[in-house]
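Asker: What follows is the residue order along each chain.
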Amino acid sequence: MSALTELQKHYEQLKQDEQFRTELDGLLKTYAGRPTPLYFCRRLTERLGGPRIYLKREDLAHTGSHKINNALGQALMAKRMGKRRVIAETGAGQHGVATATACALLGLECEVFMGEVDVQRQRLNCFRMDLLGAKVNVVKTGSKTLKDAINEAMREYAATSDDTHYLIGSVVGPHPYPTIVRDLQSVIGKEAREQFLSVEGRLPDALIACVGGGSNSIGLFHPFVNDSSVAMYGVEAGGEGIETGLHSASVCAGTQGVLHGFKSLVLQNGDGQISETHSVAAGLDYPAVGPEHAFLGASGRVKYVYAKDSEALAAFHLLSETEGIIPALESAHAVAYAAKLCKDSPRDGAMIVNLSGRGDKDVNQVADMEGKL
Amino acid sequence: MSRIHTAFEENLSKGDGSFIAYVCAGDPDVQFTVEQAVKLSEAGADVLELGLPFSDPVADGPVIQSAMNRALSGGFSTEDVFRVLRSVRGRGVDRPIVIMTYYNPVLQYGPEKFCKAAAEAGADGLLVVDLPPEESAELDSLASSFGLDVIRLVAPSTSSQRLDEVLPRASGFVYAVSVAGITGARLELATSAGELVRRTTARTRLPVALGFGISTPEHVRLALSMGAAGVVEGSGLIATYSAALQERERALDNVERHARAMKHATLGGIVSEAPAQR
Numbered sequence: 029m030s031a032l033t034e035l036q037k038h039y040e041q042l043k044q045d046e047q048f049r050t051e052l053d054g055l056l057k058t059y060a061g062r063p064t065p066l067y068f069c070r071r072l073t074e075r076l077g078g079p080r081i082y083l084k085r086e087d088l089a090h091t092g093s094h095k096i097n098n099a100l101g102q103a104l105m106a107k108r109m110g111k112r113r114v115i116a117e118t119g120a121g122q123h124g125v126a127t128a129t130a131c132a133l134l135g136l137e138c139e140v141f142m143g144e145v146d147v148q149r150q151r152l153n154c155f156r157m158d159l160l161g162a163k164v165n166v167v168k169t170g171s172k173t174l175k176d177a178i179n180e181a182m183r184e185y186a187a188t189s190d191d192t193h194y195l196i197g198s199v200v201g202p203h204p205y206p207t208i209v210r211d212l213q214s215v216i217g218k219e220a221r222e223q224f225l226s227v228e229g230r231l232p233d234a235l236i237a238c239v240g241g242g243s244n245s246i247g248l249f250h251p252f253v254n255d256s257s258v259a260m261y262g263v264e265a266g267g268e269g270i271e272t273g274l275h276s277a278s279v280c281a282g283t284q285g286v287l288h289g290f291k292s293l294v295l296q297n298g299d300g301q302i303s304e305t306h307s308v309a310a311g312l313d314y315p316a317v318g319p320e321h322a323f324l325g326a327s328g329r330v331k332y333v334y335a336k337d338s339e340a341l342a343a344f345h346l347l348s349e350t351e352g353i354i355p356a357l358e359s360a361h362a363v364a365y366a367a368k369l370c371k372d373s374p375r376d377g378a379m380i381v382n383l384s385g386r387g388d389k390d391v392n393q394v395a396d397m398e399g400k401l
Numbered sequence: 012m013s014r015i016h017t018a019f020e021e022n023l024s025k026g027d028g029s030f031i032a033y034v035c036a037g038d039p040d041v042q043f044t045v046e047q048a049v050k051l052s053e054a055g056a057d058v059l060e061l062g063l064p065f066s067d068p069v070a071d072g073p074v075i076q077s078a079m080n081r082a083l084s085g086g087f088s089t090e091d092v093f094r095v096l097r098s099v100r101g102r103g104v105d106r107p108i109v110i111m112t113y114y115n116p117v118l119q120y121g122p123e124k125f126c127k128a129a130a131e132a133g134a135d136g137l138l139v140v141d142l143p144p145e146e147s148a149e150l151d152s153l154a155s156s157f158g159l160d161v162i163r164l165v166a167p168s169t170s171s172q173r174l175d176e177v178l179p180r181a182s183g184f185v186y187a188v189s190v191a192g193i194t195g196a197r198l199e200l201a202t203s204a205g206e207l208v209r210r211t212t213a214r215t216r217l218p219v220a221l222g223f224g225i226s227t228p229e230h231v232r233l234a235l236s237m238g239a240a241g242v243v244e245g246s247g248l249i250a251t252y253s254a255a256l257q258e259r260e261r262a263l264d265n266v267e268r269h270a271r272a273m274k275h276a277t278l279g280g281i282v283s284e285a286p287a288q289r
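Each protein sequence line maps, in turn, to chains A and W. If you're matching positions, the first sequence starts at 29 in the working numbering and goes up one per residue. If you're matching positions, the second sequence starts at 12 in the working numbering and goes up one per residue.
Don't read these hints as lab results, they were simulated from the structure. Hints are not guaranteed to be accurate.
Claimed, not checked - Below are the BS3-like pairs computed for lysine-lysine, each with C-alpha atoms no more than 27 Å apart in a straight line: (1) K291/A - K43/A; (2) K291/A - K127/W; (3) K57/A - K107/A; (4) K124/W - K291/A; (5) K291/A - K331/A; (6) K331/A - K218/A.
Small disclaimer: the values here were computed from a predicted structure and weren't measured.
Chain W extracted, bound-state conformation (with noise of 0.2 Å):
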């Protein structure tokens, strides 16, 4: 069992979930971004999501296309996503990391390169969210050979079908997409999530964890309660640092106050062990 799985399951047995929290590197620089990655870490964050910015996220709402754009345009590179890491580990964080991020920057710098950096400078796994499984059998086997987990993104309009397809090639934990569409926070919990942890749940010995949407601890209970083993923000998190950036204590302050509150939620939410799950 990889670390990721592990963290979700230390967490299940306690009947706890899994807070996982998502950082985009370089916004609006390494320093910033390092310190926040620690203040997570601290607040009791289970895993870390570290996103390696790119100019075009067709995935990602406006929340995380201004970050990344902060990013790149402080002229944030693919290397630094590697020195990041490094520093992160440097400073004691030994939570599990994934480098999520898109396929032309993995692609310029080499995927075998990629897979050999990242697992070197200390990640768990990595997630391409516009690499579709057809397109990325090269990427899965090098990632699996330098030990990093390949997480596969699943949504409402995946038929059960292509669960069956897909998941077997999943690896760490399986992040199932609330909602058809792009990343970022919105008021109600769509219902189609519920279903769609349903069905992934019953398809995967693997942990699955919800995202796209997720910015209140409300809603972390009630993923929990629909059978999910964690939830992912990415864009509640940012908008509660962005638009204090020019006093990075207190946007630090503030990441750390809403993560321990998120972290807080997941407590005693796994009410009882679904039998799939197992």
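Isolated chain A, as found in the complex (with noise of 0.2 Å):
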């Protein structure tokens, strides 16, 4: 507890601090790319012959996905509060390494937590964080996912956050964690809101991200909150369907409870044990989702839906072969479900879907599951 009161304490200081903002938004802008594209999928609109579909480019930030948003930001903020060592958990092995290329940056101990079953399916994400210096711990309990990630990384977080800050890579844990994550991943909706302004002249039709602990639709969806023209779609993973009980989808199917210090809709049984979970895709394979979506599930604003394994495969294929961009298999769920919407809505409106992440890191599993490797 007084861990996360220190943190609460310097993230007040630090967001009033101009010094901290500008060294921020100067990494964000020569060191990770930003502001990303907003991009118009001419082909991609003509093959669905609906609305036109934008694509926010966060799979062109430095390291691949919106992940490094969040992590140079709280990197930055470890640094500040005198911490010379970063712990972080990790699915897909994006945020994985985001943080270690964080640390690397800064000079920081990077320590990176990540289930069994994910280091397989993202060999390559691990080499990469070996290369940037950050040591891979691989955790043997549980489902050996996302969730007993955090778990582990929280355990250590505990025995260690005198010198260390524990980097949550998405919308959840204890307060301020999802506080801190969304205003750093903001600045995907910031941007989105004013490219789409400048290009269009008006506000999108509809926002599209997929949902996994939540962090790149928080990101594109907030500064757009009170703009109530504009529909808010939440993708999560369906897995192999919702009633088969192999999915992610945590605000379509599941009940209030308490996890990882959040109370939140998270996926579980009568007697309050947590689910195990399935996705194709590692960074959406988790029991739970940020509490701030809970809320805008609750209140109507965002509209929670769903894509399965196989419609994200789809997807996968469908943007890349249309725009030559290969999505990584968390994105395509938000692409698979915009080619749903896009069959009945108006040819004039406009959308824009959130590509997180690029697909680089999936090809090896997709041609496994595909049976060309």
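Assemble the dimeric complex from its two separately framed chains, guided by the hints.
Answerer: Dropping the structure here:
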């Protein structure tokens, strides 16, 4: 608790700190490559025959996903708080890579916890973390995925918070983490809003983003929350289908619970034991969702839907073939739902799909699944 | 004074420390847990902590994680913890018993229903490890309305200012965590423990028990010499039986023998009553 109180105090101060803001903005611009483009998908739009589809290209940010926005911000905070070491959890490995990168840049020691199952399906990212000088701790407890990596990181944090910052990768965990991560990711939505206004001269009709813990989606949604004309869709991992129980759709199929220090919608049994989840996308394979998503879902401001593994895989191919952009399997869930939504939407509309990450990391896995390796 | 507090005081008045034994309920099944609780009581454990397993126990180390896994994969349910409690009471065990768990199982069962069932089954207290005092007002008042003590954790990282906020909301005893981190036997008792016990006992009339890392009679004597009124052991006890579960009698004998040695080490361990404790 004392570590969280300290973090809260520092965060409140740093938010007001001009120098911190300038330093972070500078890194986002010159190091991470922000602003990322807002790209109009001509061929995909034609293919689907519906509203104009724009992609917010977080896949073009340094390290290949939106995770760098949060990693740079928190690593800089860690440095300001006088911590010498950073720990993180990772699912798909994107957050681990982003954290390892930020730590290399800022001269911080870095250790990443990753479930054994995820290590197997995301070997490339493990090697990247190794190259960046981070230590990868393979987690062999529980379901051996993201949830268990968070458990281990929290245990480590409890023992080492004196000199160590826990750099959580999503809008989950105890307060103030969901707020910190949302604020740092909101750069996505701020840029997208401005970019869309300057291209289209109006606001988009819809925003679509995938939701695991929910950091890229909250980052896109947050700056639009008060724009009531903008519909928002959070796309969860439907896995093999909700009815099979093999999915990670916490908003669509979860109930209220407490996990990892926050109260939100959780996939669990009647006794409050947390369920094992499934998704083709390691980064969505988590049995809960950030508390702000549970709130936005309950208020009706955001509509939460899901895309199944098979739909995400189809979208993975669709975007690769029509636009020459290989999406991360996580982001492919958003593309899949966009394709579905296009069928029932007027042609003169326009939407933004958050392409939260690039798919290079997933190429091996997909080739393997399709028997091409 | 509650039954838990009284148990400590009776020992203190004889110059003895108290031994609190943690039992992971349902590891590997209900029957073994009941037998284990009976043995521990016979071996002289002064208070029993009955752990209701949780799938994601972030405050626990590998030994308790594995025990909880064994229990949950055997189908252990929340209802079963009350069954265990009733059976243990039915076997004549009258030691105070604390239910220790994480918040989500309590939330899903219903906090009021949980406190009521716990009290009716014979529990004396409740310890919810991942519910900070800031969030526990509702559960505190429910627990106290059913006559359950609310056990609080304090750690070396807990500032004295925070101790002053937390301790008035504790009852039964105060659980002092010897080292920042998770449960599990450790070779050495952290030096941070002594300082924490001193700061805590100076601020409360409740007995202070030291836990996390306690696994040998030497640890017990050292903890009491630091000013603790008792010790809590969990992982160390589980380690005595977990490798012998194929032969239950032997597993239970191991637990009993170890518990006797631990209880024995508490005898006469309170050298002089620290004035701050009175």
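Asker: Would you mind marking each hint as holding or not holding in the structure?
Answerer: We went through each hint and held it up to the structure:
{"no.": "1", "hint": "K291/A - K43/A", "verdict": "25 Å, holds"}
{"no.": "2", "hint": "K291/A - K127/W", "verdict": "23 Å, holds"}
{"no.": "3", "hint": "K57/A - K107/A", "verdict": "19 Å, holds"}
{"no.": "4", "hint": "K124/W - K291/A", "verdict": "20 Å, holds"}
{"no.": "5", "hint": "K291/A - K331/A", "verdict": "20 Å, holds"}
{"no.": "6", "hint": "K331/A - K218/A", "verdict": "20 Å, holds"}
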